[in-house]
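Undergrad: Each chain, letter by letter, is given below.
Protein chains: 2
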Amino acid sequence: MNFPSRLIEDAVNEFSRLPGVGKKTALRLVLHLLRQPQEQSRQFGEAITRMRNEIRFCKQCHNVADAELCNICGSHKRDQSMICVVENLRDVMAVENTNHFNGVYHVLGGIISPMDGIGPDELQIESLLERLKTQEVREVIMALSPTMEGDTTIFYLSRKLSPFNIKVTAISRGISVGGELEYTDEITLARAIVNRMPYESFLVRG
Amino acid sequence: MNFPSRLIEDAVNEFSRLPGVGKKTALRLVLHLLRQPQEQSRQFGEAITRMRNEIRFCKQCHNVADAELCNICGSHKRDQSMICVVENLRDVMAVENTNHFNGVYHVLGGIISPMDGIGPDELQIESLLERLKTQEVREVIMALSPTMEGDTTIFYLSRKLSPFNIKVTAISRGISVGGELEYTDEITLARAIVNRMPYESFLVRG
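Line order of the protein sequences matches chains A and B. The numbering used here puts the first residue of the first sequence at 1, with every later residue one more than the last. The numbering used here puts the first residue of the second sequence at 1, with every later residue one more than the last.
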C-alpha cells in the first residue's frame, strides 16, 4: 500500500501489528481517528502508553494491579481463605463477571503445555505453595480450561497441594446451560452422564 | 465488565470507541499489548498521538500531507495538468494502488448528500475552481462512487466546470473485471450494454 503520509503509515503499521487487524482494517481505524477531535486521539495514545508503563502485578495473586495489591486481594470484603486458580487475567474477569465467587485468585500466567515449551517452572506455582504455607486457606478451586493442558496442570497442582490437607476442587464440567442435548459432543455428554449431579444443585440461579 | 485495573479499563474504553471494536475485542487487544515488550506499546501510543498532532493537509489538493504540499502535488514526476477528483484519502490510495494514474488529485472531503446535511459548501469545490483558474489543467477526471450521491456531485461539478472549457471525464462503469455475467445486477448490465466500448480498449492490462 502507498501511503500519502509517513505519519499515517507509522500509525497503520502499529495498528496492523495487533492480532486480527490487517492493513485495511488498520487504515480504517487510523482514518477514523483522523476524523475525531484531536483531543480524543491524544487520549487514545496516552491511555495505551500509560497502561503499559504504569501497570503493576499484584504481589500476592499476580493479577494486574494499580498498586502493590490488586483490588481483589486488597479488599476486606473478599474471603481470603478461598483461592481460585486461573490461567490468566481474562479468566479472572470471566469468573468475576459471574458474581458467584467471593474469594481471591491466583493467576498462574499460563498452563503447562509441553508443546509450547511451558513447564511448571514458567508458572506462578511456587508462590501459590508459599501462600498456602503462610495464609489460612480453606479451599483451592481450579478454574482452568477443560483441555489436555488444563487437565495436566490440574493434575500437577493437585499433587503439589496434597501435602497441605486443603480441600481441592475444580469447576464442574457438563453440558452448557441453555445448550441443546443433541448438539452436545459425545465426550461431554458421556462424562455428563457419568458425573451426574444431584438435581437440587441445579436450583442455584446464575 | 469489571476490570481489575483502572489503567486497563481506560485503555479498553479507548479501543472500544473505534468502529467495529467492541468491549471484548478491545480487551483482547489490550491484553495483547500487555504481553508485548514495553517499547512496542510505547511506540504504538506515540504513533497515534504524533499522527494526530502533526498531520497536515496539502494546501493544493487537501490530501493528508507531512509538509505544506503532499508527496503527490510536490512531485515533479506527476502530470500537474490532470486532476483526479476523489471523495477522500482512501480513494486517493485506491487510485494510487492501480499504478495507472500519473496526474494529481483533488480531495473533496465528502460528496453531496442532502440526507446527511452535506451540501456543496461543505466540500472543497471553491478551491478546485481556483486551481483551474490559476493552473494549466488539461483534464479533470471524476473518480467518485457510482451512487446517487456520487452522481449528484459529478453533475454539480460538471456544471461548475463547464465555463472552463476543460475536458471532464469520469471513470468508466460496467461489469467488474473477473466478474461473472450472471451475477451482475440488471442495472449495471443494462448500462454496460448501452455504454458498450470498443473492443480494443480492453487490451489495456492492469
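No lab work stands behind these hints, which were simulated from the structure alone. It is possible that part of the hints are untrue.
Pairs count within a copy or across copies, as identical chains cannot be separated in the list.
The calculated BS3-like cross-link candidates involving lysine-lysine, where the alpha carbons are at most 30 Å apart (straight line), are [unchecked claim]:
#1 23 - 77
#2 160 - 59
#3 23 - 160
#4 23 - 59
#5 24 - 77
#6 160 - 133
#7 77 - 160
#8 59 - 24
Undergrad: Each hint: holds or not?
TA: Consistency of the hints with the structure:
no.: 1; hint: 23 - 77; result: between (46 Å within a copy, 27 Å between copies)
no.: 2; hint: 160 - 59; result: within (21 Å within a copy, 70 Å between copies)
no.: 3; hint: 23 - 160; result: neither (47 Å within a copy, 37 Å between copies)
no.: 4; hint: 23 - 59; result: between (39 Å within a copy, 27 Å between copies)
no.: 5; hint: 24 - 77; result: between (47 Å within a copy, 28 Å between copies)
no.: 6; hint: 160 - 133; result: within (12 Å within a copy, 84 Å between copies)
no.: 7; hint: 77 - 160; result: within (29 Å within a copy, 72 Å between copies)
no.: 8; hint: 59 - 24; result: between (41 Å within a copy, 27 Å between copies)
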